[in-house]
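Residue numbers (our numbering), protein chains in the order written: chain A, 1 to 114; chain B, 1 to 117.
Hints in this document: simulated from the structure, not taken from any laboratory.
Where is the CB? At the ideal position from N, CA and C, for every residue including glycine.
Hints are not guaranteed to be accurate.
Under the rule of at most 16 Å between Cα atoms (straight-line distance), these lysine to aspartate or glutamate pairs were calculated in the EDC-like manner [stated by the list, open to error]:
no.: 1; chain 1: A; residue 1: K101; chain 2: B; residue 2: E11
no.: 2; chain 1: A; residue 1: K101; chain 2: B; residue 2: E44
no.: 3; chain 1: A; residue 1: K101; chain 2: B; residue 2: E62
no.: 4; chain 1: A; residue 1: K101; chain 2: A; residue 2: D85
Here are the computed distance ranges between Cβ atoms for each label pair [to be verified]:
no.: 5; chain 1: A; residue 1: A14; chain 2: B; residue 2: P54; range: 39 to 49 Å
no.: 6; chain 1: A; residue 1: N17; chain 2: B; residue 2: P61; range: 21 to 31 Å
no.: 7; chain 1: A; residue 1: A1; chain 2: B; residue 2: R85; range: 22 to 32 Å
In silico contact screen, one side only, chain A against chain B (beta carbon under 8 Å); selected entries [what the hints assert, rightly or not]:
no.: 8; residue: F90
no.: 9; residue: G107
no.: 10; residue: F111
For reference, the chains in residue letters:
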Amino acid sequence: AQSVAQPEDQVNVAEGNPLTVKCTYSVSGNPYLFWYVQYPNRGLQFLLKYITGDNLVKGSYGFEAEFNKSQTSFHLKKPSALVSDSALYFCAVRRNTGGFKTIFGAGTRLFVKA
Amino acid sequence: DAGVIQSPRHEVTEMGQEVTLRCKPISGHDYLFWYRQTMMRGLELLIYFNNNVPIDDSGMPEDRFSAKMPNASFSTLKIQPSEPRDSAVYFCASSARGGTGPTYEQYFGPGTRLTVT
Chain A
1 AQSVAQPEDQ VNVAEGNPLT VKCTYSVSGN PYLFWYVQYP NRGLQFLLKY ITGDNLVKGS
61 YGFEAEFNKS QTSFHLKKPS ALVSDSALYF CAVRRNTGGF KTIFGAGTRL FVKA
Chain B
1 DAGVIQSPRH EVTEMGQEVT LRCKPISGHD YLFWYRQTMM RGLELLIYFN NNVPIDDSGM
61 PEDRFSAKMP NASFSTLKIQ PSEPRDSAVY FCASSARGGT GPTYEQYFGP GTRLTVT
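The following block holds chain A by itself, in its conformation from the complex:
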């Protein structure tokens, strides 16, 4: 069975500081991993994905994430946070075989203070 854990309900950072939103996963076989962002009253927007290759993936709006197979983690990072980054962030996992079913984490709310 697939599962995703986002251990922090909320992350608070000051504008200009680096941010990290944590994600760990469990899946049989090799994973496809994703990060999405949700702004109030909006649908989820795709940020970045790990499919294969380089463990460090770069995505939209300056975000990046590092795939760590031994720790089964895929933490989202950004070197310098903006107030406009404040939103709800979801990590998601899918098996690389057997269909398109994607499991989403519970979400982490990011607050960036000016």
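Go by the hints and put chain B onto chain A.
For chain B alone, coordinates are given in the frame of chain A:
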């Protein structure tokens, strides 16, 4: 492209009434997903289609829920009869297998906020 289109954006109905939610996926996408989002349960996959065929409906809560995809550009999620516990935001998303391989990620619509009183 206009993205994934959902209608209505808001729906308020009384318990026992039939509710129909509509979705138009991105043109050329051959996967369509229906999700439900609540504070208590987070984002749940209800059902997904590939080439208009339901592939996995294991997330559909009960027989009161049904989904159809009569063609590549339209899908419906129906609840009959509706109950207060069905109140949630329902999202439709689509994805594609591109010419050079699958795109993998999903593109979400704006959602339908359903309130059942």
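Structure-based check of all given hints:
Straight-line distance between C-alpha atoms of A:K101 and B:E11 comes to about 27 Å, which puts the hinted pair past the 16 Å bound. For the hint linking A:K101 to B:E44, the alpha-carbon distance of about 11 Å falls within 16 Å, and the restraint holds. Taking the CA atoms of A:K101 and B:E62, the gap is near 19 Å; set against the 16 Å cutoff, the hint is violated. With a CA separation close to 28 Å, the supplied pair A:K101 and A:D85 exceeds the 16 Å bound.
Under the hint 39 to 49 Å, the C-beta atoms of A:A14 and B:P54, about 47 Å apart, fit the expected range. A beta carbon spacing of about 42 Å between A:N17 and B:P61 contradicts the range 21 to 31 Å that was offered as a hint. A C-beta distance of roughly 25 Å is found between A:A1 and B:R85, which places it inside the suggested range of 22 to 32 Å. The restraint placing A:F90 at the interface with chain B holds, with a minimum CB-CB distance near 7 Å, inside the 8 Å limit.
The beta carbon of A:G107 comes within 7 Å of a beta carbon in chain B, closer than 8 Å, and the hint placing it at the interface holds. For the restraint placing A:F111 at the interface with chain B, the shortest Cβ-Cβ distance is roughly 18 Å, beyond the 8 Å limit, so the hint is violated.
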